[in-house]
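Engineer: So the sequence lines, in the order shown, correspond to chains A and B. Those letters in the first sequence? Residues 1 to 213, per UniProt numbering, in order. Those letters in the second sequence? Residues 1 to 213, per UniProt numbering, in order.
Don't read these hints as lab results, they were simulated from the structure. Nothing here was measured: the structure is a model prediction, and the numbers come from that model. Do not rely on the hints blindly, as some may be mistaken.
No copy labels: a pair is met if it fits in one copy or bridges any two.
[Stated by the list, open to error] Calculated pairs, DSBU-like style, for lysine-lysine (alpha carbon to alpha carbon, straight line, at most 30 Å): (1) Lys88 - Lys206; (2) Lys41 - Lys199; (3) Lys56 - Lys206; (4) Lys206 - Lys151; (5) Lys150 - Lys54; (6) Lys56 - Lys151; (7) Lys172 - Lys151; (8) Lys56 - Lys41; (9) Lys199 - Lys56; (10) Lys88 - Lys54; (11) Lys151 - Lys54; (12) Lys54 - Lys199; (13) Lys206 - Lys153; (14) Lys172 - Lys54.
2 protein chains.
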Amino acid sequence: MAVDYSLYLVTDRILVGSKDFLLSLRKALEGGVTLLQLREKEANSRDFYEIGLKVKEMAAEFRVPLIINDRVDLALALDADGVHIGQKDLPIEVVRNMIGSDKILGYSVSSLEEALWGERLGADYLGAGPVFPTGSKKDASEAIGLATLKKIKDSVNLPVVGIGGIGPANLKEVKETGIDGISIISAILSQEDPYAAAKGLGDLWKSREINEY
Amino acid sequence: MAVDYSLYLVTDRILVGSKDFLLSLRKALEGGVTLLQLREKEANSRDFYEIGLKVKEMAAEFRVPLIINDRVDLALALDADGVHIGQKDLPIEVVRNMIGSDKILGYSVSSLEEALWGERLGADYLGAGPVFPTGSKKDASEAIGLATLKKIKDSVNLPVVGIGGIGPANLKEVKETGIDGISIISAILSQEDPYAAAKGLGDLWKSREINEY
Ligand code: NI
């Protein structure tokens, strides 16, 4: 499957509130989100599964691949397109073994060493960050900055998505690192108009003005 | 695999404290625990996996099957002997599909209806309760009592383990319902001497005095 990593939305139901979650998600997808990660840190397995079924249906409607954060069992149960794991999740080689070669395996890295490790152990793409300081992930480590982001992208043969503190104000310099896309939580979901927020970021990312740099 | 359900220990690392957890567990296994369920509600996936590897090794040493609570991915990653799910976990038919027919599938029920449902959808054993009121499970529903426990056991062709508030004081009446074993958390793990607690309960369960009733 050819995956468009350019505008990768990571969900945070707590940020939006459960009631408006699916509505916000739909608007963001209408605005041009290209890849979707369902992240549920507080839900029990049944609630995760139930919301996952709805999100999967919606993602399919927009032909956007659905990636599940951390929970390999949910990814398998939902037959999602992939799973995204970080340093505090199951070991990457164990996960690859569980999901097989067809499903997308994403891996969070915050250093060049972790990036090379991830590539060697079979990640399909890397989520690198936090690029800038951010308050939207509880367990966010220190910002890695643009230089490390570029070094990571230059050192691996994998799609790299930047995550953490990325928004319209710094999109140009982020794109100049050569990475494949941006991973966004609050810059889309916490906006009053997720459609406009997604569309604005997606258009900006794809625009010639940025491409030509 | 012939499974002895008589003294089924469900872990609670928070009850014991992480530091003494493996030591308490070893003592309980020495005391005669016949089946072990690893239950980690707060740990991240990596910590769950790491503790799971240690617990699996210990369980194997005692030739006691290891069941993982809720997290099918951890059960698969650890190649545990089975998984135990409740009403707030993944749907039972989804779980059976994920783990195949060889792994043990346990199912928590608190009514006859749920018990029949669980049997129909492929559970290998039922954990029925809470039999008596208890404070050791956050999400414990109202006590089902001995009559419902007996009705469940009489209505299914599966091993049934009673859980919730079971201890030396009520073991005799619990056994009179005809169930196959007792599932214990705090009556073993929170005791100063988990060896003696397990041995006492196990001996009592197997004793002729009780059997003859
Ligand atoms: Ni959890």
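Engineer: Confirm or reject each hint.
Structural biologist: Hint-by-hint comparison with the structure:
1. Lys88 - Lys206: neither (33 Å within a copy, 43 Å between copies)
2. Lys41 - Lys199: within (27 Å within a copy, 39 Å between copies)
3. Lys56 - Lys206: Within one copy only: 26 Å inside a chain, 50 Å across chains, cut-off 30 Å.
4. Lys206 - Lys151: within (22 Å within a copy, 65 Å between copies)
5. Lys150 - Lys54: Neither: 36 Å inside a chain and 39 Å across chains, both beyond 30 Å.
6. Lys56 - Lys151: neither (34 Å within a copy, 40 Å between copies)
7. Lys172 - Lys151: Within one copy only: 17 Å inside, 68 Å across.
8. Lys56 - Lys41: both (18 Å within a copy, 26 Å between copies)
9. Lys199 - Lys56: within (21 Å within a copy, 49 Å between copies)
10. Lys88 - Lys54: both (27 Å within a copy, 17 Å between copies)
11. Lys151 - Lys54: neither (38 Å within a copy, 37 Å between copies)
12. Lys54 - Lys199: Within one copy only: 23 Å inside, 49 Å across.
13. Lys206 - Lys153: within (18 Å within a copy, 64 Å between copies)
14. Lys172 - Lys54: Answer is neither: 34 Å inside a copy and 48 Å across each miss the 30 Å cutoff.
Consistency with the previously given hints fails for numbers 1, 5, 6, 11 and 14, ordered from lowest to highest.
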